[in-house]
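> Going line by line, the protein sequences match chains A, B and C.
Residues are numbered in my numbering as their position in the first sequence, beginning at 1, plus a constant of 186.
Residues are numbered in my numbering as their position in the second sequence, beginning at 1, plus a constant of 186.
Residues are numbered in my numbering as their position in the third sequence, beginning at 1, plus a constant of 186.
Watch out, some of these pointers could steer you wrong.
One copy or any two copies: either way a pair holds, since identical chains are not told apart in the list.
Stated by the list, open to error - Simulated pairs of lysine-lysine, DSSO-like, Cα-Cα distance not exceeding 27 Å:
hint : residue 1 : residue 2
1    : Lys330    : Lys230
2    : Lys379    : Lys491
3    : Lys330    : Lys235
4    : Lys231    : Lys491
5    : Lys481    : Lys445
6    : Lys379    : Lys330
7    : Lys282    : Lys330
8    : Lys445    : Lys497
9    : Lys379    : Lys445
10   : Lys497    : Lys282
11   : Lys521    : Lys445
12   : Lys330    : Lys231
13   : Lys481    : Lys235
14   : Lys379    : Lys497
15   : Lys521    : Lys282
16   : Lys521    : Lys379
17   : Lys235    : Lys521
18   : Lys230    : Lys521
19   : Lys481    : Lys330
20   : Lys481    : Lys282
21   : Lys330    : Lys491
22   : Lys235    : Lys282
23   : Lys481    : Lys521
24   : Lys481    : Lys231
25   : Lys481    : Lys379
Calculated from the structure, these hints are not laboratory results.
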Amino acid sequence: MAVTLAELARRFQGRVRGNPDRIIERVASLESAGPNDIAYLSDKKYLPKLASTAAGAVILTESDASGFAGSALIVDDPHLCFARVALLLHPLPVFKPGAHATAVVSPTARVAATAWIGPHSVVESGAEIGDDVYIGPGCLIGNKVTVGARTRLVGHVAIGDRCVMGEGCLFHPGAVIGSDGFGYARDGEQWQKVPQLGRVVIGNNVEVGANTTIDRGALNDTVIGNGVKLDNQIQIAHNVCIGDNTAIAACVGIAGSTKIGRRCTIGGQAGITGHLEIADDVHITAGSLVTSSIKQAGAYSSSLKAEPAEKWRRNAARLHHLDEMARRLTRLEEKLQQHSEEHEN
Amino acid sequence: MAVTLAELARRFQGRVRGNPDRIIERVASLESAGPNDIAYLSDKKYLPKLASTAAGAVILTESDASGFAGSALIVDDPHLCFARVALLLHPLPVFKPGAHATAVVSPTARVAATAWIGPHSVVESGAEIGDDVYIGPGCLIGNKVTVGARTRLVGHVAIGDRCVMGEGCLFHPGAVIGSDGFGYARDGEQWQKVPQLGRVVIGNNVEVGANTTIDRGALNDTVIGNGVKLDNQIQIAHNVCIGDNTAIAACVGIAGSTKIGRRCTIGGQAGITGHLEIADDVHITAGSLVTSSIKQAGAYSSSLKAEPAEKWRRNAARLHHLDEMARRLTRLEEKLQQHSEEHEN
Amino acid sequence: MAVTLAELARRFQGRVRGNPDRIIERVASLESAGPNDIAYLSDKKYLPKLASTAAGAVILTESDASGFAGSALIVDDPHLCFARVALLLHPLPVFKPGAHATAVVSPTARVAATAWIGPHSVVESGAEIGDDVYIGPGCLIGNKVTVGARTRLVGHVAIGDRCVMGEGCLFHPGAVIGSDGFGYARDGEQWQKVPQLGRVVIGNNVEVGANTTIDRGALNDTVIGNGVKLDNQIQIAHNVCIGDNTAIAACVGIAGSTKIGRRCTIGGQAGITGHLEIADDVHITAGSLVTSSIKQAGAYSSSLKAEPAEKWRRNAARLHHLDEMARRLTRLEEKLQQHSEEHEN
Numbered sequence: 187m188a189v190t191l192a193e194l195a196r197r198f199q200g201r202v203r204g205n206p207d208r209i210i211e212r213v214a215s216l217e218s219a220g221p222n223d224i225a226y227l228s229d230k231k232y233l234p235k236l237a238s239t240a241a242g243a244v245i246l247t248e249s250d251a252s253g254f255a256g257s258a259l260i261v262d263d264p265h266l267c268f269a270r271v272a273l274l275l276h277p278l279p280v281f282k283p284g285a286h287a288t289a290v291v292s293p294t295a296r297v298a299a300t301a302w303i304g305p306h307s308v309v310e311s312g313a314e315i316g317d318d319v320y321i322g323p324g325c326l327i328g329n330k331v332t333v334g335a336r337t338r339l340v341g342h343v344a345i346g347d348r349c350v351m352g353e354g355c356l357f358h359p360g361a362v363i364g365s366d367g368f369g370y371a372r373d374g375e376q377w378q379k380v381p382q383l384g385r386v387v388i389g390n391n392v393e394v395g396a397n398t399t400i401d402r403g404a405l406n407d408t409v410i411g412n413g414v415k416l417d418n419q420i421q422i423a424h425n426v427c428i429g430d431n432t433a434i435a436a437c438v439g440i441a442g443s444t445k446i447g448r449r450c451t452i453g454g455q456a457g458i459t460g461h462l463e464i465a466d467d468v469h470i471t472a473g474s475l476v477t478s479s480i481k482q483a484g485a486y487s488s489s490l491k492a493e494p495a496e497k498w499r500r501n502a503a504r505l506h507h508l509d510e511m512a513r514r515l516t517r518l519e520e521k522l523q524q525h526s527e528e529h530e531n
Numbered sequence: 187m188a189v190t191l192a193e194l195a196r197r198f199q200g201r202v203r204g205n206p207d208r209i210i211e212r213v214a215s216l217e218s219a220g221p222n223d224i225a226y227l228s229d230k231k232y233l234p235k236l237a238s239t240a241a242g243a244v245i246l247t248e249s250d251a252s253g254f255a256g257s258a259l260i261v262d263d264p265h266l267c268f269a270r271v272a273l274l275l276h277p278l279p280v281f282k283p284g285a286h287a288t289a290v291v292s293p294t295a296r297v298a299a300t301a302w303i304g305p306h307s308v309v310e311s312g313a314e315i316g317d318d319v320y321i322g323p324g325c326l327i328g329n330k331v332t333v334g335a336r337t338r339l340v341g342h343v344a345i346g347d348r349c350v351m352g353e354g355c356l357f358h359p360g361a362v363i364g365s366d367g368f369g370y371a372r373d374g375e376q377w378q379k380v381p382q383l384g385r386v387v388i389g390n391n392v393e394v395g396a397n398t399t400i401d402r403g404a405l406n407d408t409v410i411g412n413g414v415k416l417d418n419q420i421q422i423a424h425n426v427c428i429g430d431n432t433a434i435a436a437c438v439g440i441a442g443s444t445k446i447g448r449r450c451t452i453g454g455q456a457g458i459t460g461h462l463e464i465a466d467d468v469h470i471t472a473g474s475l476v477t478s479s480i481k482q483a484g485a486y487s488s489s490l491k492a493e494p495a496e497k498w499r500r501n502a503a504r505l506h507h508l509d510e511m512a513r514r515l516t517r518l519e520e521k522l523q524q525h526s527e528e529h530e531n
Numbered sequence: 187m188a189v190t191l192a193e194l195a196r197r198f199q200g201r202v203r204g205n206p207d208r209i210i211e212r213v214a215s216l217e218s219a220g221p222n223d224i225a226y227l228s229d230k231k232y233l234p235k236l237a238s239t240a241a242g243a244v245i246l247t248e249s250d251a252s253g254f255a256g257s258a259l260i261v262d263d264p265h266l267c268f269a270r271v272a273l274l275l276h277p278l279p280v281f282k283p284g285a286h287a288t289a290v291v292s293p294t295a296r297v298a299a300t301a302w303i304g305p306h307s308v309v310e311s312g313a314e315i316g317d318d319v320y321i322g323p324g325c326l327i328g329n330k331v332t333v334g335a336r337t338r339l340v341g342h343v344a345i346g347d348r349c350v351m352g353e354g355c356l357f358h359p360g361a362v363i364g365s366d367g368f369g370y371a372r373d374g375e376q377w378q379k380v381p382q383l384g385r386v387v388i389g390n391n392v393e394v395g396a397n398t399t400i401d402r403g404a405l406n407d408t409v410i411g412n413g414v415k416l417d418n419q420i421q422i423a424h425n426v427c428i429g430d431n432t433a434i435a436a437c438v439g440i441a442g443s444t445k446i447g448r449r450c451t452i453g454g455q456a457g458i459t460g461h462l463e464i465a466d467d468v469h470i471t472a473g474s475l476v477t478s479s480i481k482q483a484g485a486y487s488s489s490l491k492a493e494p495a496e497k498w499r500r501n502a503a504r505l506h507h508l509d510e511m512a513r514r515l516t517r518l519e520e521k522l523q524q525h526s527e528e529h530e531n
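Sequences and hints are given; from them, build the entire structure.
Here it is, written out as structure tokens:
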């Protein structure tokens with residue numbers, strides 16, 4: 187696709203500085219961009235790179251553009267504008283509707299005429315596949331699953347019986363939706379499985395990363411709100427609820443029945459234990475463990491930072507005696523207090 | 187399925203209080219249950235919900251039932267009874283034996299007449315598939331693999347050559363059994379792969395969660411005992427042995443050659459390093475790291491709890507000087523001791 | 187395969203002590219080896235096992251061999267020699283070239299005559315599959331993907347469009363290469379996806395473990411160097427670069443744009459945040475979190491070790507008041523200093 191810089195400005199409410207007729211075909215980084223590419227400045231620390239970029243145009247704020255001699259698309263939020271320009275110039279590949287000859291589609295499934303079912307995918311009985319849905323190779327769509335319009339499964343995605351996927355979602359390979367929750371009752375030394383009868387219900391415009399797993403609810407549903415973004419290898423246990431527009435980085439684990447608010451961000455490898463409530467606009471740093479409910483918006487952390495191992499070993503060893511150290515400190519304070527009083531008398 | 191409350195009491199050694207002819211068709215939560223549903227009380231803190239439930243009956247202990255006006259199934263352990271009632275009322279779907287037309291089954295595989303091989307599944311040479319085994323869509327059963335009677339692979343499960351699955355097991359999508367262990371010998375700057383020649387041997391009544399991985403042993407086998415329950419995204423390295431009825435929550439990693447006892451519970455995201463021995467009845471809290479063998483039953487932990495990030499940052503910064511703090515504390519104690527002695531003289 | 191001990195010595199630059207005509211057919215552990223098996227001593231602590239082994243021969247250093255009565259293959263590095271002997275005696279199964287009848291191979295893909303495409307695998311348009319490549323069952327090879335000679339995909343591997351796999355690589359089931367990076371621009375309360383347009387470029391002799399995920403770059407590529415070894419369930423975010431011969435244990439997460447040097451080792455469950463630079467020859471202990479760049483080779487850590495939970499709880503509770511403790515310690519030091527001065531006057 188090719189558009190003029192002027193056309194980009196018109197579509198995305200920007201202003202051209204320089205050559206409005208410049209033809210733009212692709213987005214690229216400042217370093218690799220050529221004369222038909224548009225780049226953007228992701229951080230002021232890269233300002234020096236502007237001098238040497240060969241980009242046909244750069245998306246900039248008014249102030250960052252002041253020292254730049256080349257053509258610029260001036261906007262308030264270059265990152266957001268860049269994302270939109272990139273979507274325009276690099277649209278998803280178009281697909282022909284229908285089903286590959288090797289797809290196995292139940293006669294009782296209802297598949298929209300504009301949807302595509304890829305090679306070796308299986309769509310079981312009673313499933314409903316909406317308009318313009320793309321189901322890539324090797325997917326498994328269970329009985330009575332609903333997949334909303336324009337949702338895209340890249341391939342190798344498994345969705346269990348009765349789960350509900352919203353519209354405009356994107357699922358990456360290895361995502362598993364609707365596996366059983368981890369629920370057992372003790373039966374002497376053994377574990378008696380508790381059947382997991384709920385569903386996973388996913389809203390609109392949700393992205394689910396590669397090898398992320400979302401368990402179905404035990405009785406009620408596991409619920410993922412609209413606009414939620416889930417990175418790779420996240421584990422979401424049964425009956426978790428995640429509020430709209432919350433973004434969760436890779437390798438996070440969320441235990442059963444926890445409710446997470448809207449617009450939260452959770453850093454990579456963080457863990458949240460079960461049956462908690464996390465307020466809206468809470469931000470958890472990478473690697474932290476949340477073990478009690480959080481009622482106030484804000485940033486929370488329990489993560490430590492690596493230092494040279496020899497030094498760390500000495501500090502960590504002391505940590506295992508910290509309670510004793512605290513008692514010694516208190517005794518010292520008392521002694522010194524006593525001393526002072528004796529001294530005064 | 188529909189049974190009377192009296193019939194449930196008879197099957198599960200309970201006692202009816204209220205209407206024994208009440209028809210029960212499903213299990214449900216206290217909040218969502220209707221007149222043909224049976225619910226249970228999972229925790230005394232939900233006792234107030236009993237007043238407003240529309241459930242046809244509730245599974246309760248004798249004492250919890252005292253203030254409840256509706257029909258009740260009185261048992262000693264409501265959670266366990268609920269699990270059994272749920273299994274009775276919500277049995278797994280029945281399947282027809284045979285193989286889907288798209289399944290690829292080696293002529294040298296021995297598949298029981300009562301087993302099912304789903305669409306696009308592959309069963310390689312010499313594999314043995316037992317009675318009433320269900321292999322869902324898109325599974326890979328390697329050469330000479332054994333799958334015991336009544337075991338169920340939901341779909342998208344991969345089992346590598348020669349591995350042995352017990353009876354009555356349940357495998358969720360994305361589980362990988364028998365991938366190579368991570369074994370290399372140093373060869374100058376490079377790594378020389380050590381062929382991984384052992385198997386994975388899994389006992390009876392084991393559940394393996396979505397995207398959990400269990401590596402084959404290097405020379406001897408990786409062994410998972412009877413009744414072990416593994417949640418999603420667990421990593422079990424080569425030559426690990428896990429004792430009967432141990433339950434492991436999601437995202438746990440267990441390094442090579444570690445032996446874990448019976449009836450242990452391991453919290454989510456915990457890690458256990460290699461070549462350790464963990465006794466029976468050990469409980470590891472979520473997010474803890476075990477780096478030495480544990481010889482005594484009991485609970486173990488090394489996990490920290492998130493607090494507001496600003497406060498945490500100050501505390502964590504001090505931790506990186508804890509060894510120095512400890513030395514300062516000791517010096518103070520010595521000084522004060524000296525002081526006291528001088529004072530007395 | 188069967189060779190004499192003398193032949194092994196000749197191939198691997200060792201020396202026979204004992205019977206050079208001993209026929210060796212397999213490798214085995216000291217405990218399980220029989221008269222046609224060769225074992226090795228992995229650690230001096232197992233020296234006592236030599237007395238009772240029934241192995242036909244043992245690979246040993248000169249000094250470890252001195253007390254051993256049986257046949258030995260004497261080498262400088264028994265572990266490395268064992269790996270090579272094992273590869274010789276247990277070669278990968280041979281495969282016939284071609285494509286299974288159920289494979290779906292685009293007519294525009296170029297597949298070497300010596301390669302194999304397994305059942306239910308999909309090779310999309312423009313892909314190039316090199317000589318002697320083995321693609322097991324249920325793989326997905328996207329458009330314009332390149333797979334170098336002798337690379338092996340065990341099965342159930344997904345490689346996204348345009349990614350480049352080197353020669354002699356090994357991919358385990360569930361590995362996902364080229365999923366989208368986690369990139370969004372804020373758009374009010376919502377997240378606007380930033381299209382991920384880069385590739386994943388993987389060097390030669392790389393091993394990728396089960397269910398490991400490697401995201402494609404946002405604009406430029408994610409790059410994995412030659413000889414890199416990745417265990418299971420590792421997450422590598424967009425634009426990460428990993429230097430040659432670095433080995434990463436299971437469950438590690440590496441955030442976006444971080445560059446890791448050569449010959450590093452990263453312990454299981456460690457995390458590395460984004461936009462960092464890690465030098466060559468850095469070793470991170472299991473469970474550590476790296477949040478700033480590391481410029482010096484050496485070992486780094488931030489991991490804690492589990493202790494009995496009751497004791498740990500008391501220590502960890504104090505940690506949440508460590509800043510206050512440090513201030514109290516400083517005040518005490520000042521007071522005592524003041525005291526001493528007063529005392530002296």
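> Broken hints, numbered, in rising order?
1, 2, 3, 10, 11, 12, 14, 15, 16, 17, 18, 19, 20, 21, 22, 23, 25
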